[in-house]
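Throw the hints in and build the complete structure from the sequences for me.
Okay, so the sequence shown: first residue is 5 according to my numbering, each after it adds one.
Worth flagging that the hints you see were computed from the coordinates, not collected in a lab.
Any given hint could turn out to be false.
In the DSS-like style, the derived pairs of lysine-lysine whose C-alpha atoms are separated by at most 27 Å in a straight line are [claimed, not checked]:
1. LYS78 / LYS47
2. LYS78 / LYS29
3. LYS30 / LYS80
4. LYS29 / LYS80
5. LYS47 / LYS30
6. LYS29 / LYS47
7. LYS47 / LYS80
8. LYS78 / LYS30
Across the chosen pairs, the derived CB separations fall in these ranges [unchecked claim]:
9. GLY21 / TRP90: 32 to 42 Å
10. ALA87 / TRP12: 38 to 48 Å
11. ARG58 / GLU83: 14 to 24 Å
12. ARG77 / TRP12: 20 to 30 Å
13. LEU8 / ASN59: 18 to 28 Å
Backbone N, C-alpha and C define an ideal beta-carbon position, used for all residues, glycine too.
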Amino acid sequence: MTQLTTFWSVFYHSHQGWLRGWLSKKTGFRHLADDLTHDTFLKLLTLAEPKAIRNPRVYLMVTANHVMIDQFRKRKLEEDALAALWRGQRRNLPNSVWQSVNW
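Below, the structure written as structure tokens:
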């Protein structure tokens, strides 16, 4: 096991339960909290220097909030696109809506 793998394993096991609980209280939905916890840790895997995280819970809360906002924005775009399709108004929606929705 590499040092980085060990770091992430310890980091995940130390903080995922707390993050899931915090997100569950924030959203009111356990299944949504599970998804957001997963997506938050996936986002953290892209960090160049993960060992530089000084306050893990604060970092996790900020990252989870960003992930949640991104998901809500994407869901809103998808809902708008589906509503426009339902009304037969695809031509009236900007291209950015269609590019962000994976059909």
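Taking the hints in turn, this is what the structure says about them:
| no. | hint | verdict |
| --- | --- | --- |
| 1 | LYS78 / LYS47 | holds, 16 Å |
| 2 | LYS78 / LYS29 | holds, 22 Å |
| 3 | LYS30 / LYS80 | holds, 19 Å |
| 4 | LYS29 / LYS80 | holds, 22 Å |
| 5 | LYS47 / LYS30 | holds, 19 Å |
| 6 | LYS29 / LYS47 | holds, 21 Å |
| 7 | LYS47 / LYS80 | holds, 21 Å |
| 8 | LYS78 / LYS30 | holds, 19 Å |
| 9 | GLY21 / TRP90: 32 to 42 Å | holds, 41 Å |
| 10 | ALA87 / TRP12: 38 to 48 Å | holds, 40 Å |
| 11 | ARG58 / GLU83: 14 to 24 Å | violated, 38 Å |
| 12 | ARG77 / TRP12: 20 to 30 Å | holds, 27 Å |
| 13 | LEU8 / ASN59: 18 to 28 Å | holds, 20 Å |
Of the hints listed earlier, the one the structure fails to meet is number 11.
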